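Protein chains: 2
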Amino acid sequence: MEATFRALSEHGYSNLRVRDIGEEFEKSRTLIHYHFDGKHDLISSFLEYLVAQYESDPAVPADADPWAVLDERLDQCLFGPDVGDFDHWERMRVYHELFSHARHDERHREAFNEHYETIRGNIARVLEAGIERGVFADVDVDDMTQLITDVIHAARARKISLGHDDAPTQSRRAIDEFVLSALERDAA
Amino acid sequence: MEATFRALSEHGYSNLRVRDIGEEFEKSRTLIHYHFDGKHDLISSFLEYLVAQYESDPAVPADADPWAVLDERLDQCLFGPDVGDFDHWERMRVYHELFSHARHDERHREAFNEHYETIRGNIARVLEAGIERGVFADVDVDDMTQLITDVIHAARARKISLGHDDAPTQSRRAIDEFVLSALERDAA
Numbered sequence: 001m002e003a004t005f006r007a008l009s010e011h012g013y014s015n016l017r018v019r020d021i022g023e024e025f026e027k028s029r030t031l032i033h034y035h036f037d038g039k040h041d042l043i044s045s046f047l048e049y050l051v052a053q054y055e056s057d058p059a060v061p062a063d064a065d066p067w068a069v070l071d072e073r074l075d076q077c078l079f080g081p082d083v084g085d086f087d088h089w090e091r092m093r094v095y096h097e098l099f100s101h102a103r104h105d106e107r108h109r110e111a112f113n114e115h116y117e118t119i120r121g122n123i124a125r126v127l128e129a130g131i132e133r134g135v136f137a138d139v140d141v142d143d144m145t146q147l148i149t150d151v152i153h154a155a156r157a158r159k160i161s162l163g164h165d166d167a168p169t170q171s172r173r174a175i176d177e178f179v180l181s182a183l184e185r186d187a188a
Numbered sequence: 001m002e003a004t005f006r007a008l009s010e011h012g013y014s015n016l017r018v019r020d021i022g023e024e025f026e027k028s029r030t031l032i033h034y035h036f037d038g039k040h041d042l043i044s045s046f047l048e049y050l051v052a053q054y055e056s057d058p059a060v061p062a063d064a065d066p067w068a069v070l071d072e073r074l075d076q077c078l079f080g081p082d083v084g085d086f087d088h089w090e091r092m093r094v095y096h097e098l099f100s101h102a103r104h105d106e107r108h109r110e111a112f113n114e115h116y117e118t119i120r121g122n123i124a125r126v127l128e129a130g131i132e133r134g135v136f137a138d139v140d141v142d143d144m145t146q147l148i149t150d151v152i153h154a155a156r157a158r159k160i161s162l163g164h165d166d167a168p169t170q171s172r173r174a175i176d177e178f179v180l181s182a183l184e185r186d187a188a
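First to last, the protein sequences are chains A and B.
The opening residue of the first sequence carries number 1 in full-length UniProt numbering; numbering runs sequentially from there.
The opening residue of the second sequence carries number 1 in full-length UniProt numbering; numbering runs sequentially from there.
Take the hints with a grain of salt, since some may be wrong.
A pair holds if it fits inside one copy or across any two, identical chains being indistinguishable in the list.
As the list claims (entries may be wrong) - Restricting the straight-line Cα-Cα distance to at most 25 Å, the calculated cross-link-like pairs of lysine to aspartate or glutamate (DMTMM-like) are:
no., residue 1, residue 2
1, 27, 72
2, 39, 90
3, 39, 106
4, 27, 128
5, 39, 10
6, 39, 97
7, 39, 140
8, 39, 63
9, 39, 142
10, 39, 177
11, 27, 37
These are calculated hints, taken from the structure and not from any lab test.
Since we're looking at a predicted model, the values are computed, not measured.
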């Protein structure tokens with residue numbers, strides 16, 4: 001999977017050949033063909049692996065401050081998890097390239113849809129816990145999580161495709177200013 | 001340019017050859033080579049043409065209701081301009097595919113950056129006019145237009161890549177609920 005990642009980073013999706021992955025792989029190319037049914041199967045498995053790396057949702061203590069948890073979760077989505085040499089942005093570049101091809105590919109679309117629902121669900125759980133405890137105002141959680149997830153996606157896309165390196169920081173500020181402020185309104 | 005559009009729609013960017021464009025073109029292929037310095041020059045010109053199609057910013061009467069103007073502008077961005085057989089979503093599919101490759105291409109990046117600033121500028125002018133007339137609250141126009149432009153981009157991307165056909169409608173509702181509501185707060 002890491003060999004696939006390196007080959008995708010270097011060659012891009014459209015021009016990638018199984019041979020390029022083999023060249024990044026210490027084992028023999030035969031092994032790749034033994035385990036995967038061609039380029040498409042291998043890339044789909046890679047996408048599922050990539051998405052799984054982002055799915056860790058650390059258990060949150062029941063008495064944690066909902067504002068602090070929300071804050072941390074949004075920063076993780078926008079700036080990447082803080083885990084040593086795991087290169088978040090290199091991975092996101094591959095993620096966004098595959099995303100732009102997903103309309104041609106049912107299995108990729110499914111992996112992205114699941115990931116979208118995971119990100120959204122992680123944020124929704126924090127909101128729901130805060131609403132239940134009366135810390136957050138009673139907002140429409142579906143609408144708010146969809147808005148936040150979309151802004152996160154677009155901030156990444158602008159950073160990656162257009163070189164707007166400050167996009168995640170700008171988006172975080174705009175989310176605080178316009179979206180999270182609704183959690184304060186009318187709060188008990 | 002329309003031949004380029006049809007060829008891009010059919011073959012995608014990565015696999016496109018100048019020959020494919022020639023096949024969509026009634027005139028001779030020599031004519032393409034006479035006017036353009038290869039595939040990259042032709043696609044860059046096409047992108048500039050595509051973006052220009054969206055840049056019409058109809059003059060707004062000075063006494064128009066800022067809410068109505070804002071409403072119309074957001075709907076145009078999310079649902080496409082209402083101009084006969086101009087196929088907004090076919091064009092957006094090509095737009096988003098080229099967007100995902102823009103990090104490799106300075107000229108494309110420039111065209112997208114200009115378009116991003118145009119969309120943002122069109123919305124900013126409506127907000128500024130409304131604030132000046134005391135109809136809208138005095139919000140941070142930069143932050144709000146960036147947030148709205150990002151949500152529009154992500155809604156299109158979800159519809160196109162993930163098949164979320166209701167994404168523009170959902171996003172419009174979330175923008176109204178969480179973002180535009182800030183224009184009401186503290187308004188005179």
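Hint-by-hint comparison with the structure:
no.: 1; hint: 27 / 72; verdict: neither (39 Å within a copy, 58 Å between copies)
no.: 2; hint: 39 / 90; verdict: within (21 Å within a copy, 28 Å between copies)
no.: 3; hint: 39 / 106; verdict: within (15 Å within a copy, 30 Å between copies)
no.: 4; hint: 27 / 128; verdict: neither (47 Å within a copy, 61 Å between copies)
no.: 5; hint: 39 / 10; verdict: both (16 Å within a copy, 22 Å between copies)
no.: 6; hint: 39 / 97; verdict: both (16 Å within a copy, 21 Å between copies)
no.: 7; hint: 39 / 140; verdict: neither (42 Å within a copy, 48 Å between copies)
no.: 8; hint: 39 / 63; verdict: neither (47 Å within a copy, 59 Å between copies)
no.: 9; hint: 39 / 142; verdict: neither (37 Å within a copy, 44 Å between copies)
no.: 10; hint: 39 / 177; verdict: neither (44 Å within a copy, 44 Å between copies)
no.: 11; hint: 27 / 37; verdict: within (17 Å within a copy, 43 Å between copies)
Of the numbered hints listed earlier, those contradicted by the structure are 1, 4, 7, 8, 9 and 10.
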